[in-house]
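One-letter residues, chain by chain:
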Amino acid sequence: MKNNDWINEVTKKVVSEQKYRDGIPQLVVGTYLVLVMLMMLLSGNSAITVVFVPLIPILIETLRKSLTYPRVGYAKIKENKEIGKRMQWILVIMVFGFGILFFAHKSHVIDFRSLPSMYLGISILIAFTVLILFIFMFIRKPTSLALWYAFALLALASIIFIFKLTKHSAYYLVMCFGFVSTVIGAINLAMFIKKYPLLDNND
Amino acid sequence: MIENNETIPESNDSIDRLIHEPARLKIILYLYVVESADFVYLLRQTGLTKGNLSAHLQKLEHNGYVEITKEFLNRIPRTLISLTERGKTAFEEYRVVIKEMLNY
Chain V
18 MKNNDWINEV TKKVVSEQKY RDGIPQLVVG TYLVLVMLMM LLSGNSAITV
68 VFVPLIPILI ETLRKSLTYP RVGYAKIKEN KEIGKRMQWI LVIMVFGFGI
118 LFFAHKSHVI DFRSLPSMYL GISILIAFTV LILFIFMFIR KPTSLALWYA
168 FALLALASII FIFKLTKHSA YYLVMCFGFV STVIGAINLA MFIKKYPLLD
218 NND
Chain A
110 MIENNETIPE SNDSIDRLIH EPARLKIILY LYVVESADFV YLLRQTGLTK
160 GNLSAHLQKL EHNGYVEITK EFLNRIPRTL ISLTERGKTA FEEYRVVIKE
210 MLNY
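In order, the protein sequences belong to chains V and A. Counting with the numbering used here, you get residues 18 to 220 for the letters of the first sequence. Counting with the numbering used here, you get residues 110 to 213 for the letters of the second sequence.
Incorrect hints may appear among the rest.
Per label pair, the in silico range of CB-to-CB distance [said to hold, decoys possible]:
| # | chain 1 | residue 1 | chain 2 | residue 2 | range |
| --- | --- | --- | --- | --- | --- |
| 1 | V | 95 | A | 160 | 23 to 31 Å |
| 2 | A | 186 | V | 106 | 37 to 45 Å |
| 3 | A | 171 | V | 25 | 26 to 34 Å |
| 4 | V | 106 | A | 198 | 30 to 38 Å |
| 5 | V | 175 | A | 168 | 55 to 63 Å |
| 6 | V | 25 | A | 123 | 21 to 29 Å |
I should point out that these hints are in silico values taken from the structure, not numbers from a laboratory. Where a beta carbon is used, it is the ideal one built from N, C-alpha and C, also for glycine.
Based on the sequences and whatever the hints tell you, model everything.
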């Protein structure tokens, strides 16, 4: 409805500010990527890094409680029930899809073993990124930050694939991406802290 | 410019004066797009002073448009404000009235 256009614009502004203006997501995700690549370079073991993924939103929220909310306050964004329902369906389809891939691999209908394992991982990463972009388009327009990350991942994966980089080169490349994200996040956070000094006790 | 045959519209008394005040309109607008917000958030978004914001919130609460709850988060007091159903309805009616006026 055209009537709701300006309300939607205000909502988008509020949501975008809440999520991205402090730079903390970029900082945390970038640091995570750098640490993961370092672990893979040093120990060659990547499985354990998956354990840290659920910690990312917890860490972001913890940092926000001490740095962001005292400065700009806290607003609870409304849940979009329509998006929630669509997400549930997408999760069901994804689980179903991965299940089919798993059984196809196990029953040798599709032979993933013919690919060198690193390129298999990258192929899956490319497919996963395209899938995530598709999901965003279906649910809602992706934010510019999400698009930036998605295209950067695609570009990195393509470079590794096209130039057939060795494992270590690929790790360094992803580490660079993580480092850039960390720096951008840190700069955003510093600017945010300067722009929004702590207020006195307001109650 | 009003032509000879055109009638001048009568003044519209259905505007909710409680919402029509610029500062309170800002407060209600930001509360409308979120589920709830704390005092600091509204302070930042509206650009009002603490005293001014408090006064407007009191008036809105007195008329049943907002609900204010005080709680403790990690031993720090926090004031949470949300729009009541009455406040949401009033804002939506206000939007319709203003839209009709502007479309005239």
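Okay, the hints, checked on the actual structure:
no.	hint	in the structure
1	95(V) - 160(A): 23 to 31 Å	29 Å, holds
2	186(A) - 106(V): 37 to 45 Å	42 Å, holds
3	171(A) - 25(V): 26 to 34 Å	31 Å, holds
4	106(V) - 198(A): 30 to 38 Å	32 Å, holds
5	175(V) - 168(A): 55 to 63 Å	59 Å, holds
6	25(V) - 123(A): 21 to 29 Å	25 Å, holds
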